[in-house]
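Peer 1: Given only the sequences and the hints, what does the whole structure look like? Please build it.
Chains A and B, in that order, are what the protein sequence lines are. Residue numbering for the first sequence follows the working numbering, starting at 290 and increasing by one per position. Residue numbering for the second sequence follows the working numbering, starting at 290 and increasing by one per position.
Think of the hints as simulated: they come from the structure by calculation, not from any bench. Computed from a prediction, not measured in an experiment: that's the story for all the values here. Treat each hint with caution, since some may be false.
[What the hints assert, rightly or not] Derived list of chain B stretches under chain A, where covered just means 3 residues or more per stretch with a C-beta under 8 Å from a C-beta of chain A:
id, segment
1, 341 to 351
2, 358 to 370
3, 439 to 447
4, 503 to 515
5, 628 to 641
6, 670 to 680
Every residue, glycine too, gets a C-beta built ideally from N, C-alpha and C.
Number of protein chains: 2
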Amino acid sequence: MTAKKIVLLILDGISDRPCPALNGQTPLQAADTPNLDRIAKQGICGIMDTIAPGIRPGSDTAHLSLLGYPPHEYYTGRGPLEAEGTGIHMEHGMIGVRANYATIGPDGLISDRRAGRIHDTAKLSRAIEEGVDLSAFHVTCTFRSGAGHRAALALKGDGLGSAVTSNDPKSTGLAPPLIEPLTGSPGDSQTSSVLNEFVRQSSEILADHHINRERKREGLLPANIVLLRGAGQMGHFEPFSTRYGMQGSVISAAALITGIGRVVGLTPVQVPGITGSVTTNLSGKVTAICRELKSQEFVLANIKGSDEAGHDGDPIQKRDFISRIDTAIAPLLALEGTLLVVCGDHSTPCSIRDHSADPVPLAILGDGVRIDRVAHFNEIACAEGGLTRISGGSLMPILTDLVDRAHKYGA
Amino acid sequence: MTAKKIVLLILDGISDRPCPALNGQTPLQAADTPNLDRIAKQGICGIMDTIAPGIRPGSDTAHLSLLGYPPHEYYTGRGPLEAEGTGIHMEHGMIGVRANYATIGPDGLISDRRAGRIHDTAKLSRAIEEGVDLSAFHVTCTFRSGAGHRAALALKGDGLGSAVTSNDPKSTGLAPPLIEPLTGSPGDSQTSSVLNEFVRQSSEILADHHINRERKREGLLPANIVLLRGAGQMGHFEPFSTRYGMQGSVISAAALITGIGRVVGLTPVQVPGITGSVTTNLSGKVTAICRELKSQEFVLANIKGSDEAGHDGDPIQKRDFISRIDTAIAPLLALEGTLLVVCGDHSTPCSIRDHSADPVPLAILGDGVRIDRVAHFNEIACAEGGLTRISGGSLMPILTDLVDRAHKYGA
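Peer 2: Right under this line is the structure:
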């Protein structure tokens, strides 16, 4: 028997280092994980450097690497990926920029970098997209809201560069600096001029917008300036379906991950109630995976809450959320003719509250895998598995081979 | 003590995936292998991606990689290697082409792609080599028989290309197409013209040959056309003896493997009764290895039958042939001062009846190796070995080091 479909379930930041609060165990070791352990026991395990040993991955570079798009070749900054994640179709050469709605006081200083954690900004973004006119620069722009205070800007025009600074002062009480080119290239200079003009015009639109007038009446901070960062030029991505011969979907609350899925041609799937945090709708996500498999050959699903708990430095919360993941994924173990692949994208140790380069655990369950002796899904046990230690760039070739879609090199 | 000689025993396609017919074991796990297990137990083990993780090797690219000639640098198609395997000395720049004797009917359609599984075609090949005249193209040709209906053609001439199509229609009942250039380069165009003229002249020679007249009288299919495929240009191979400081031999029933050995300068050894199948003369091969070691420092031996059983999708036959291999190799365990290296070149899972990228098991027995805790030679057990997971390109450097022929890098 050979499996024909693949579920790649990425437990974001799941792996960790020994935590004193857990008697020296990692949150994954300490969690109650009968289902993850069954995947490990009935499948093949290993550990994985999603980029390379000792390289601390971002979620973006890690996911690109795991999908088989080497980040040193394909990663051009977070902007274009976030823009795709908000639903903007980024064409090759367009500039994508991350945006935050923020609050600036009458003194010209930033008073809140998230505009009082504003959300539901779609109307504001539409007003900006419709009102801003960059025709003097022969540039058109698209501006879309993401989750919460987040948004993304895309610029289309000839010869635009992406090596520019940000107008985000990074802390409150400071004035937003002008955006400046980082090189002497005319394209970077042009982009910085365009972005400064975008900030100027969008600020005028926001200053007078009825939503901001209402927010002020209600004692809320107005979203009266857009902070821009992470500009990058959209690259050329060979479609996933061309590269692997499989059609696929992406399921994630994070615009960044959805955007990465979109740029490689995976279809984004909406799931109600997913939040990208420990409060997310886990069972809704699992139901969506099972539903997508009826029509797709590949499903990428990301569960983000474990990463968040790591960033918060909270091993108890991380452990408990992992136990909840374990309960929620039970239906995936009953899938037939499907490889179930579970791994992290990077470690997020509670002790450092950020990503680390510690390898992530990996388990593959399904027809054809060589079943090793590993019986637990955690950082230590998986290191004794039959896959030994692989790099993230090897994952898709290995999976493609297991589902018998690989091509022979030679005869 | 340091071993001075190396036997590299390649069990072609030996590794597999769990087989339902063997209660979830692989044929290698299910076979009776006290000798292979002793090599594992008294040696060091690991698993190996002969090319790279997830890359499905051909036998040709795998053997090149294992001998330390990276296929992406050295592999130019199977033609030149097969030509060497038939005994043609391929010089750098010559074009090698695989050939099959086939039967074409009076209607111009191919009726049998193997000419009734003809064998002993040496006289036909000699008649073709002597009769075909390509001097109008300033080209000379050599044509030699291989095993069964197989043969190989070599062309020598200035500026010949190798990117050309085949005249093999791939199924019976179709007319052989003309060979065409795959690019606009004059060299490819020249080669396709030469090959079409070769087919035309050789067909005339075959039509009238007394062997074919006799075959017809006996009710056998005539070998009256040559089908050509796999054209490639001979590259430049640094000799094995220069690269590693060892003289060596190659023992294989497969012309392809013999050819690979020859192109790197290994001496081919004839062994009576070897067939490249499960009926081969295993003990004759083992005797030849022991004899070659008296004068050579390196012996490459390939046993093909396990691959054939995998291609046939027959786990029982594969298991039983592996047990027979195990019995036959007993004399190799008594070799002194010699590293005995046993591995696959690729996996050939019965479930997919073709090569896969699953890593192969590897064991090295001999003076100086670090003995690990692995006690069985199979896909699962070897993954826990002291070599962990290596790539095929690392094998010869590791072996060269073990026999103390490596050079220090630095001081």
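Peer 1: Could you run down the list of hints and mark each one as holding or not?
Peer 2: These are the hints, each one checked on the structure:
Given a C-beta distance limit of less than 8 Å, the hint that chain A covers the segment 341 to 351 of chain B holds, as 11 residues qualify and 3 suffice. A count of 3 residues in the segment 358 to 370 of chain B with a Cβ less than 8 Å from any Cβ of chain A is obtained; the coverage claim is therefore met, three being the minimum. Remark: the segment 439 to 447 of chain B is not confirmed as covered by chain A, as 0 of its residues place a Cβ nearer than 8 Å to a Cβ of that chain, below the required three. Residues of the segment 503 to 515 of chain B with a Cβ under 8 Å from some Cβ of chain A number 0, which does not satisfy the need for three, so the listed coverage is violated.
With 3 residues having a Cβ less than 8 Å from any Cβ of chain A, the segment 628 to 641 of chain B passes the three-residue criterion, so the hint holds. A stretch counts as covered by a chain when three or more of its residues have a beta carbon under 8 Å from one of that chain; for the segment 670 to 680 of chain B and chain A the count is 4, and the coverage holds.
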